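All chains, full assembly: derive it from the sequences and hints.
Each chain, letter by letter, is given below.
2 protein chains.
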Amino acid sequence: MASIQDIGLSAAINLMSAFAFLFAFAMLRLQPVNDRVYFPKWYLKGIRGSPTRSRGIMNRFVNLDWTTYVKFLNWMPAALQMPELELIEHAGLDSAVYIRIYLLGLKMFVPITLLAFGVLVPVNWTGETLENIDDLTFSNVDKLSISNVPPGSPRFWAHITMTYVFTIWTCYTLYMEYKTVAIMRLRHLAAESRRPDQLTVLVRNVPPDSDESVNEHVEHFFCVNHPDHYLCHQVVYNANDLAKLVAQRKAMQNWLTYYENKYERKPTDRPTTKTGYGGFWGTTVDAIDFYTSKMEVLAEKVSAEREKIMNDPKAIMPAAFVSFKSRWGTAVCAQTQQCHNPTIWLTEWAPEPRDVFWDNLAIPYVELSIRRLLTTVALFFLIFCFMIPIAFVQSLANLEGIQKVLSFLKPVIEMKTVKSVIQGFLPGIALKIFLIILPTILMTMSQIEGYTSLSYLDRRSAEKSFWFIIVNVFLGSIITGTAFQQLKSFLEQPPTEIPKTVGVSIPMKATIFITYIMVDGWAGIAAEILRVVPLVVFHLKNTFLVKTEQDRQQAMDPGHLDFATSEPRIQFYFLLGLVYAAVAPILLPFIIVFFAFSYVVFRHQVINVYDQKYESGARYWPDVHRRLIICLIISQLLMMGLLSTKKLAKVTALLLPQLILTFWFNRYCAGRFESAFSKFPLQEAMVKDTLEKATEPNLNLKEYLKDAYVHPVFKGKDFDRPRVVDEEESNPLVPTRRTSQVTSRYNSEASSSTTATPVANKNTGSPGSM
Amino acid sequence: MASIQDIGLSAAINLMSAFAFLFAFAMLRLQPVNDRVYFPKWYLKGIRGSPTRSRGIMNRFVNLDWTTYVKFLNWMPAALQMPELELIEHAGLDSAVYIRIYLLGLKMFVPITLLAFGVLVPVNWTGETLENIDDLTFSNVDKLSISNVPPGSPRFWAHITMTYVFTIWTCYTLYMEYKTVAIMRLRHLAAESRRPDQLTVLVRNVPPDSDESVNEHVEHFFCVNHPDHYLCHQVVYNANDLAKLVAQRKAMQNWLTYYENKYERKPTDRPTTKTGYGGFWGTTVDAIDFYTSKMEVLAEKVSAEREKIMNDPKAIMPAAFVSFKSRWGTAVCAQTQQCHNPTIWLTEWAPEPRDVFWDNLAIPYVELSIRRLLTTVALFFLIFCFMIPIAFVQSLANLEGIQKVLSFLKPVIEMKTVKSVIQGFLPGIALKIFLIILPTILMTMSQIEGYTSLSYLDRRSAEKSFWFIIVNVFLGSIITGTAFQQLKSFLEQPPTEIPKTVGVSIPMKATIFITYIMVDGWAGIAAEILRVVPLVVFHLKNTFLVKTEQDRQQAMDPGHLDFATSEPRIQFYFLLGLVYAAVAPILLPFIIVFFAFSYVVFRHQVINVYDQKYESGARYWPDVHRRLIICLIISQLLMMGLLSTKKLAKVTALLLPQLILTFWFNRYCAGRFESAFSKFPLQEAMVKDTLEKATEPNLNLKEYLKDAYVHPVFKGKDFDRPRVVDEEESNPLVPTRRTSQVTSRYNSEASSSTTATPVANKNTGSPGSM
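From first to last, the protein sequence lines are chains A and B. 80 is the number that UniProt numbering gives to position 80 of the first sequence; each next residue is one higher, with no gaps. 140 is the number that UniProt numbering gives to position 140 of the second sequence; each next residue is one higher, with no gaps.
I should point out that these hints are in silico values taken from the structure, not numbers from a laboratory. All values reported here derive from a predicted model rather than from experimental measurement. Backbone N, C-alpha and C define an ideal beta-carbon position, used for all residues, glycine too. Hints are not guaranteed to be accurate.
Stated by the list, open to error - Result set (BS3-like, lysine-lysine): computed pairs, CA atoms no more than 25 Å apart in a straight line:
(1) A:LYS541 - A:LYS294
(2) A:LYS301 - A:LYS314
(3) B:LYS325 - A:LYS325
(4) A:LYS679 - B:LYS679
(5) A:LYS250 - A:LYS613
To be verified - Here are the in silico distance ranges between beta carbons for each label pair:
(6) A:ILE168 - B:LYS702: 48 to 56 Å
(7) B:GLU696 - A:LEU659: 55 to 63 Å
(8) B:LEU374 - A:LEU374: 37 to 45 Å
(9) B:THR690 - A:PRO364: 24 to 32 Å
(10) B:LEU659 - A:PHE544: 56 to 64 Å
(11) A:ALA304 - B:LEU659: 50 to 58 Å
(12) B:PRO227 - A:PRO207: 28 to 36 Å
(13) B:VAL366 - A:MET76: 41 to 49 Å
(14) A:PRO364 - B:LEU114: 31 to 39 Å
(15) A:PRO207 - B:ALA190: 17 to 25 Å
(16) A:PRO364 - B:LEU661: 15 to 23 Å
(17) B:LEU659 - A:PRO364: 23 to 31 Å
(18) B:ILE183 - A:ALA304: 45 to 53 Å
(19) B:GLY671 - A:ALA304: 37 to 45 Å
Following this line, the structure appears as structure tokens:
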């Protein structure tokens, strides 16, 4: 067991690295040359522009105003200042609600920590069990945990009572938060301006018809069955080949620009390249001519392919985006069953155009069903076989184990510093490495499952990731860590004894998780704000590829809040907090620091950096809520397992009602709030329709919706990225008065030398989406 | 273990009693005086009338045509003759599909039995394990079971393969049946004539409004949000008090009729009664005057209460039946969410008027949620505490146990006949008694849960009953039966070892279940057809209460298929069949006899006797299917438990994919078919609307729907029973040509002395409902 000193050293190291990251960030962000890395959001919004040429060259790259360096933590209060309503308008509801999860963590755990330290720590500390056992090494950390209470002691009543108090408080905060988010979403939906997805339904599995094309079939079906509401539709083309060609052209374009830039800077030396793969072999040719001709060939191919797709009936997939005259008609079509066969003519709300995952629109029902089965089985194996390598690395955390196996290492390990580093860092880092390669696998699995929108894919990946973390990180750390001592006895028990075994091991594992929190939750979050990778990539691109102001705009990589990976990570902290609240309260302050620090960091990132790929209107909240309930239930089960080993088998039954009530609470909340996140009530639809009819009686909706749901490769020049369709002209992208205030505040804070040159940018949707 | 001889004796007894019942039935049903007991359906349909006065008195009561007695099993082929389409028209889709469950049992188990006897029985019989163990008493029955195969033997491959074959066959039949029933339902819905519930939606949880009454609030809400479709609505009155008064009046009316009849038959002696409770004490008065005056008082009270309800705004419950101009509008309203708060303005398809459970229409959402929680907990305790008395009675089945405890009984028990009787009968009867008192409890619980239609109540009760049977009858019989031998070892195992323990015990329990099948499934079904209770009640009523032809009509108690109790009972046989298919195939023929016999009996009952209270259009099939899948999964789990104790732990893993595929199959079927049973597709709605508009352009729908959903106590004279609203006039209740054929066939078969006098009867709905 690690001692207080070990933890202290680890904390010091992590705090220092966190501060180092923060200081580096503070230095880098003040340099105008990095402005597009640390404030891309403002550029995308068009509020901030490139440094004007009028200033000195030095000033354009380095900030020479020394006073700004002194206040290097200044961004923190700045990040907290923007009020929530403005934040929603500025960054979208998705982001605003996402950072509320951290706030929820604070709301939940600050009172719990106070209570736990006020009640449970004294009860544990005076338990005096560990001191009476001779052959056990223990530290002061363990004396604060439930391990220090003697089996069968009446002191456990304190723990049981506190478990109930914690559960009630958790449920209360969860309920209030669900309510708030639901209201925020409804208000958001009610306030947002007209968008294509409000009036559009995605229809999948259009049945084949021998007499009609898909196009005609869809039109006839909806003309007949929604005669008063059907407006128009857009079929979906299978543009996968075209998308590949476009991606190739994009790569060529990059090379061409690179060589053009090179030539421009050094006009004497015309650049050359080789014709072989990657430019490493083959005959040497003039690079600019080579790529220009290649571009021409590709352009022809692309237009030929486009032509082919538009004219070949086989390129039309059995899916369509059907638009209606009113939101009421749309709500009706999305929520009802169209045909007696529930596997054809499937309707659902269309995702917003940016959010569509085009590859998955045309999967037949049976195939979809089989795909889900296979992915589920694969996920099971992924979760349970990933454990094997993790278990090995984890076991290193147990010094006694290493010493036994590799006795020649003994002198090295026994050095105090090495010991502390190994115990403090290794387990956390081992976990972290495994977690980095995971998201891609999980996202691919979700894509195979066949979901039709990016937001849905993110949600499903988050769900997979969550279970992965629970089994591998949480249970894995607890069980295999003790495996060196307990493996034998463990194999002899029936597999269902696991809850009990896990419960028993929990208090012993507090220190592992504390170091994990510090590595991942403190230093990791601080690293997040530094944005090393985007920083390097931007400067590389800026040097070699950027010619025009627009190129520079595209070279920015604002990134986005990655819900699929970061939400399950928060859930893990919630899980740790809930599990350890009654067992080893010493863990709680570390978690609170994580939540508070993350809240500030992500608020800053959301305001200044991230550019969300889509806006789902906090559609993910039911998932967040449900997973929090799962964490709560796991904590209750483990508490029962733990207590039943403390000669308190009968008392444990007292915790059963808690479990049942938590299940019921979950169902109640789902019934009360969930539909606000999946359905669009007719009343609201009617209100918006009426309003629109009154304010814009002559609107040409058909024209408005005409190209809304065209595959991105068919659009304009910028092929590689779905563009949001223009908002109605009357709706300015950025409200004038308030925006200028925001702009001035953030500009003055960052560097007074950059001037705001609004750049009209089509990619910024107004905040909010269905 | 019971031997072949025990089973043979038991079979003989049960067969004899079954034949006795059948013979008694054959005798009784030929007597004209019992005609209304055994052919009430035809009377209700108006096809059969009372014996005419023209015949001799003797002929009117006793059938003197001796030739009819000879062919006493004649009803069997007659019951099978009616084609299915005619049966649906005659008895409704609910009944027609219900008897298909028995047919499904035959389709499923006949091939399984053939395979099991062809493959598994030889494999088991030649296993020769039991013969080699000296200290074990075994019978030939056990030699046919899996117990006779030595542990670790490669013979188990036969069982594993067969398990897969059985599973695939079961799933195939289930799939085909689901498909057939779904098509039948859709055809039925498409064919049925206009009915109020096609155009009506039940709206619950109308929120209170300070400015408007419920009536106005509902009207305004739907006028605004369904402006093109809303037609009219009907508020729901709280008529519970009125219903009580009406019931009282009905009782008084019975007494009055009784005394009037008495006086009529013996005009010299005017009957008297006493004024105290039940007529047992108090002053003696003239009975007819007494009850006439009481009736007058009650009639006044009733009309006062009616007046009060109609005028008191507080008597209006926050619920309403809202009708629409078209089926399309109704389908839309029923399937969509109306308000952003999903706990108010809840809409669902209205049950047909007969099907409404009026007491539960006004339960608030929170209360509903709490009620369901409490019922679930109560159900849990009911299921698990009911086991204690059952365990005691069950243990009697174990003769060796009794002999040990009550050694003085030894000489009695050792008598061969007594032994056989105890072993053959007791366990079955003990189970049966417990099952008789159960349905009322379960139905009350479902009512507390707050479902709004009788059909839903029936379905929920069936679900409860099913779990009760699985835990108490099935697991209870298996575990506690072995408890005398295994109790000690059992307590020392962790509770989750149960599947394994149960699996091991299964082969030993085959004989218990065989006797159960014979008592409950053979003799019990034969008793069903005899209808002893309705027979006695009818003759009592006929003697004392009947004055007019209409009274006699009301004295009939046709009964109905009680889905809530009889469906779970069938499920139990399916479970037994699936569990024992690979373990002890000897059980299968008994089950096949049950299914075949029940099919004939219930087909006869459905044709001649039962009068369904409502018609749900086989709405229950998804439940039936899901429970069959549960039975299949239980059988697979137990097979795995059983095999893992036969030194085949690794081979057992081979059965895992089967389990996963079964789960997947369930999900697939649910996605493929379930919505046909809960939603009404817009396409179908549109077709019916268009058809109606074309055929009846001048229909006054408002008039048609005006009184459709009025609480039954507000209707006409016949207060105690919900009446179906008249069908459209153009639709004759009974098609002329075909009916007369049917009539003549059934009349001539039953007794040629009764003549058909069509009696117009409002209670018979045409077959079919949403």
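ask   = Which hint numbers doesn't this structure obey?
value = none
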